[in-house]
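Engineer: In order, the protein sequence lines correspond to chains A and B.
Straight run, no breaks: the first sequence in our numbering ends on number 116.
Straight run, no breaks: the second sequence in our numbering ends on number 127.
Among these hints, one or two may not hold up.
Dumping the calculated DSS-like pairs for lysine-lysine here, alpha-carbon to alpha-carbon at most 25 angstroms [claimed, not checked]:
hint	chain 1	residue 1	chain 2	residue 2
1	A	K56	A	K74
2	B	K50	B	K21
3	A	K79	B	K30
4	A	K71	A	K56
5	B	K65	B	K30
6	B	K65	B	K31
7	B	K53	A	K74
8	B	K31	A	K79
9	B	K52	B	K65
Label pairs and their computed distance ranges (CB to CB) [said to hold, decoys possible]:
hint	chain 1	residue 1	chain 2	residue 2	range
10	A	N59	B	K65	36 to 42 angstroms
11	B	I68	A	Q84	34 to 40 angstroms
12	B	H38	A	N63	22 to 28 angstroms
13	B	P20	A	P10	28 to 34 angstroms
14	B	N29	A	E18	46 to 52 angstroms
15	A	L85	B	P73	27 to 33 angstroms
16	B	L66	A	T19	42 to 48 angstroms
17	B	K21	A	R103	24 to 30 angstroms
FYI, nobody ran anything at the bench for these hints, they're computed from the structure.
Think of the CB as a built atom: it goes at the ideal place given N, C-alpha and C, for glycine as much as any other residue.
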Amino acid sequence: AQTVTQSQPEMSVQEAETVTLSCTYDTSESDYYLFWYKQPPSRQMILVIRQEAYKQQNATENRFSVNFQKAAKSFSLKISDSQLGDAAMYFCAYQRGSTLGRLYFGRGTQLTVWP
Amino acid sequence: DTEVTQTPKHLVMGMTNKKSLKCEQHMGHRAMYWYKQKAKKPPELMFVYSYEKLSINESVPSRFSPECPNSSLLNLHLHALQPEDSALYLCASSPLASAGTDTQYFGPGTRLTVL
């Protein structure tokens with residue numbers, strides 16, 4: 002079974018600083034995808050970034066980037082120039098390739114951004 | 013446009029009531045999902061529809077009854093719920109891409125309280 006582990010229940014960062022959220026996963030599959038979703042107090046799950054396992058290059062979306070270490074089964078999220086609006090619960094998620102929509106979520110990391 | 017809409021935003025119901033949650037997307041996605049999320053926990057998959065057919069039922073109690081009238085609409089009919097069913101109910105959709113990442117996009121959720 003696939004498991005996703007987020008070892009940091011809570012993190013905090015000063016506005017404009019950089020923070021890294023950790024995620025590890027366990028799988029025997031070679032074809033899979035990884036995601037980071039954020040869930041602010043409004044409760045809507047918002048896709049932050051995604052990574053295809055077959056791609057060597059780390060995904061980047063504006064201030065958000067990942068460090069994908071396939072051999073180590075690690076998928077961390079780096080948020081640069083943190084903003085107050087980044088405060089949210091962040092979920093790491095895994096999906097096997099070519100399967101219908103089953104997302105395996107980690108338990109989440111609550112990020113606080115201090116002004 | 014990556015919008016998934018859900019109504020109502022909030023719902024309070026008694027244990028003997030019958031109510032329905034509604035989810036809609038106009039992105040041409042062919043898969044739709046229901047998740048249940050308790051406070052400070054990751055979403056739990058309940059049902060998946062692909063091409064308007066029920067593909068996955070995660071052993072959800074029969075007091076939850078999903079329905080997919082067409083490719084844009086997904087309902088969740090509720091009957092004889094228990095207080096422990098109080099939660100945020102999230103709907104998501106995905107394109108069912110033939111290749112590449114099949115990314116799920118979430119709606120804002122319905123917060124359900126069962127008295």
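Engineer: It remains to establish, for every hint, whether it holds in the given structure.
Structural biologist: Hints versus structure:
no.	hint	in the structure
1	A:K56 to A:K74	holds (14 angstroms)
2	B:K50 to B:K21	holds (16 angstroms)
3	A:K79 to B:K30	violated (45 angstroms)
4	A:K71 to A:K56	holds (10 angstroms)
5	B:K65 to B:K30	holds (23 angstroms)
6	B:K65 to B:K31	holds (22 angstroms)
7	B:K53 to A:K74	holds (23 angstroms)
8	B:K31 to A:K79	violated (42 angstroms)
9	B:K52 to B:K65	violated (31 angstroms)
10	A:N59 to B:K65: 36 to 42 angstroms	holds (37 angstroms)
11	B:I68 to A:Q84: 34 to 40 angstroms	holds (37 angstroms)
12	B:H38 to A:N63: 22 to 28 angstroms	holds (26 angstroms)
13	B:P20 to A:P10: 28 to 34 angstroms	holds (31 angstroms)
14	B:N29 to A:E18: 46 to 52 angstroms	holds (49 angstroms)
15	A:L85 to B:P73: 27 to 33 angstroms	violated (40 angstroms)
16	B:L66 to A:T19: 42 to 48 angstroms	holds (44 angstroms)
17	B:K21 to A:R103: 24 to 30 angstroms	holds (27 angstroms)
When each numbered hint is compared with the structure, violations occur for hints 3, 8, 9, 15.
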